[in-house]
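Using the hints, put the two chains back together into the complex; each one sits in its own frame.
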Amino acid sequence: MVWLHRYIKLVAATTVLLIAAGGMVTSTDSGLAVPDWPNTYGHFMFSFPLEKMVGGIFYEHGHRMIASTVGFMTIILALWIWRVDARPWMRRLGFIALGAVILQGILGGITVLYLLPAPVSIGHAGLAQIFFCLTIALSLFTSRSWREARSPVDDPTLRRVALTATVLVYCQIVAGATMRHLEAGMAIPDFPLIFGGLLPPAWNLGVVAAFAHRVGAVLVTLAIAATVGHVWYHHRGRRELMRPAAILLLLVLVQVTLGAYVIWTGLQPLVNTAHVVNGALVLATSLVLTLRSERSRFALEADATSARRAAAGPAASFGSGPVGSTTRA
Amino acid sequence: MPSSKLRLYSLPLLSALALAAGCGPGEAPPPAAVPNAPRVDAAKAGGITGRVLYEGPAPENPVVTLDSDPACVRAHPEGTTLDPVIVANGGLDNVFIYIKDGLGKYHFDTPAEPVVLDQKGCRYTPHVFGLRAGQTVRIGNSDQTLHTVHANTTANQEFNLSYPQQGVTHTKVFTAPEVMIQFKCNVHNWMTAYAGVVNHPYFAVTTGGGGFELKHVPAGTYTLEAWHEKLGTTTQTVTIGEKKSRAVEFKFKA
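Here the protein sequences line up with chains A and B, keeping their order.
The C-terminal position of the first sequence is numbered 329 in this note's numbering, with every residue numbered one higher than the one before it.
The C-terminal position of the second sequence is numbered 583 in this note's numbering, with every residue numbered one higher than the one before it.
The shape of chain B in the complex, shown without the other chains (with noise of 0.2 Å):
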């Protein structure tokens, strides 16, 4: 083949190549520190305790077909619910609340300590988290059988890594603040759970009931933020003084 024609037939080739690398998969750049900026003050820093509140009868949650896989069915021989919405004592748990807005610019370590997500008899515990920007979420299956956790991501690095036995460990670090990041199997389809990435301290999930606290805020006037997977989002604006704790509460409908 002459050269001329090699060469126009592997232009396809390196474009394809180059495309491709262009595309894979990879890690989004970390954030970017922001130079001088100040630590919050831990001596003048209040706090925002609060619950989510649910209005309604509590719904009941659908149940889960496990028959695809013998060995989900070992781990819940009774069968098993999904549990979106958790309710106890007027109370909703697994709602992630975050301060979204007025934080400033201050300068916040990264945790070196990673958050542990793990697949255990065929559910994700937990089933709500969040975690700091930059901070590392380490991924593990406990489970005999196979597993993918397939992130869906808008602002990160989209994956789906594979579990194909138990034991396995994989970890990954989401760079950009997401509110919020759905996890999925996509082998077995029920399994879900979701991770609120924020660039501060300043987040919880709602646990016993619907309580929550956020600690050592500096003062200042926020937006607090409460996002529950299948009830939406609702926002209010909270004033913090120094040293002082404030109160709030969210209240969701069925």
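Chain A with its partners taken away, still in its complex shape (with noise of 0.2 Å):
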């Protein structure tokens, strides 16, 4: 079970980097360097000579390249939980996670086929940021601390409000992954203010999608606000809940920054990506600290599915016990 800890996690690392190519793709506008999908110009993705990627390709190719990797590290990766995970939702959530990301690959070639329809893409980055969620998922369910937990939290107002959060910073990210998609990213030109004051004098779709955004942020971060205040003000003492929150609130002021250097740069790539990607380690930490809220229901749900099974006999019995004692490995 170390070893499949460790080995998610390297998936998630992956899924990040992943997650920057595609930004570095979108912010590059090269999604149409390469025009055909499955194959690249023609060859098999694998046999693409590396002195052709240039341009665009090197960003369209080099993401294609990635989800590969990703792809065949999740097939690996949800095997490797059916075989040692006796948790059936998590054998399950393995396979989600393995058929999310062939719909992410089939979504990315349809985008790619059908030159970048807004609704495709969107999705396409909107599923990324649920792949990336399903791989911090199944790594916190199988760390240690998750397993081993011994007095998880119950505190339903800490449930409420990170889950909040959480949901609101998923909201956001696909907002803003629509004004990109909408080619909006500069529809409302400067940064704190709006054309000038608190409001566009004039609305079209691009500046509904550009103001969208920043009313997404300040939702967001009053609700990243509202948690971590009070996991500081109720939980002090609790480091699993503690150290997410202060990386949250370290993480959303970095992207808040990065969001105002979007703007001030012109919509710089490097930028943009670095936005991206924070915004997607925001949702992570967000997504840990609302399931480590939640950890006190799982340890119920697990003791009440012990008990069913223990009641049912010995061969029904496979995988049940105290939590963290349902592994094979």
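Be aware that a few hints might be false.
Beta-carbon label-pair distances, calculated as ranges [what the hints assert, rightly or not]:
(1) 396(B) x 83(A): 43 to 51 Å
(2) 270(A) x 528(B): 14 to 22 Å
(3) 583(B) x 229(A): 26 to 34 Å
(4) 396(B) x 266(A): 18 to 26 Å
(5) 197(A) x 494(B): 49 to 57 Å
(6) 511(B) x 83(A): 50 to 58 Å
No lab work stands behind these hints, which were simulated from the structure alone.
Note that the structure is a prediction, hence the values are computed from the model and not measured.
Ideal placement from N, C-alpha and C gives every residue a C-beta, glycine not left out.
This is the structure we're talking about:
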């Protein structure tokens, strides 16, 4: 289980790299630099000559290579979990992650073949974050701290604020992806003001998308501030909550700063991509905090499952037992 | 698997395939010919000549960074600039001029010879051009590198063509009038070209300091439009008498 946990962390880290590569594809307008899919200029993907990875091809083909690697790693991940983790919901989650990464690959292909239709590209960006969240969740669920938690926090208020923050962060990321794929990143060209004021003087789809992303930033910041404040005030002694809360606060401050620089630099690709990647890290950290706030309910569910299996007899009790010992590895 | 379940599971797949077939790249239908439409009488036709002037100091065009492709660096070892605004003797080049309105329903034969767009030295040649709806455009690659040609269209079928090596050519036909269509290379994002697609022969691109000429224009009152990729559009109304020629002047400001 220790090695599985380490492997899932590696998959999650590679997924961050993949999100960064995807961010560079969009930021450099290279989404159509390779017109065919799944081949690359007629070559099988892995036999495409490296010296031909010029201009936008470097970003698009590089993104495909990393994506294929993550896909392959996810196959191993799903099989490994199925092999060593006796928790049925974990096995399901492993295969859901595999399904998500396959769907993600297909969406990526469709968006290339159909010349980047915005809904498909936005869906591709949104599913990327869901897949990343799955790797983060799987990593957390296989960690020693999760499996051996003895007295998890049971705080309904924390559960509510943390979940609200996570959902808002996800919606904000999708709003950002919508803005990017509508090419509306500079629809409001100034920051922190909006056309020199507080509201746009005229509205169109691009301005609406950019404005929604800014309103979303305010809501997300408030939700995260509420979550972090709650943890600070009520659970200061709980390291498993304080640590992600502190990281979350730091990341959201970095995120707002990066958002400002995206505008001030006129959508400079590296700044754009840093904003996208940091947004994913905000989501992941908020998710960790949310899941840890839900830990007590997982324990109850696991206990109930164990009890049911014990009642059903020894043959059905495979994988049962106290929380943290429900594995074969 | 029971057959009913099989049918159930195959439905989404079939729907996706049908959707893909319906949305896939294809060609728009050719323009419909106007029955019994008259032809322009060349003996009675006049013409329009003119210049497009640029008011203000000529801007410095942006420098292109070619480092992302060694083949492009070889083509321009000293570097190069993009030239969206070319001013010579106070005149502005690469402006697309065409009769936008007032022509009525004449019949014009579609030229059989194709218009040629080349990719050479990691640039498009020509940068701005016109062609007729229904006329073939032949797009080639003279570079020893990969290119794409992505046509951003609104009235015609969008496409993104692959040029994996030197010497590859593709032909395309834009069937509907559209001013302008942008061509873009997604490998080299500085490469752009623009085409004005019209359903008559009265169009030109300014050269040699903003000059242009439209020949064999029938008598009538027309709306002329001048389009520039950075400076936008401007129009004016022109009346041409039989066998008469008119000189017009457009002005774009810095």
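Results of checking the hints against the structure:
Between residue 396(B) and residue 83(A) the C-beta distance comes to about 48 Å, which sits within the given range of 43 to 51 Å. For the hinted restraint 14 to 22 Å between residue 270(A) and residue 528(B), the CB-CB distance of approximately 45 Å leaves it violated. Checked against the hint of 26 to 34 Å, the C-beta distance between residue 583(B) and residue 229(A) comes to roughly 54 Å, which is inconsistent with it. The beta-carbon spacing between residue 396(B) and residue 266(A), approximately 20 Å, falls within the hinted interval of 18 to 26 Å.
In this structure the hint that residue 197(A) and residue 494(B) lie 49 to 57 Å apart at CB holds, the actual value being about 53 Å. In this structure the hint that residue 511(B) and residue 83(A) lie 50 to 58 Å apart at CB holds, the actual value being about 53 Å.
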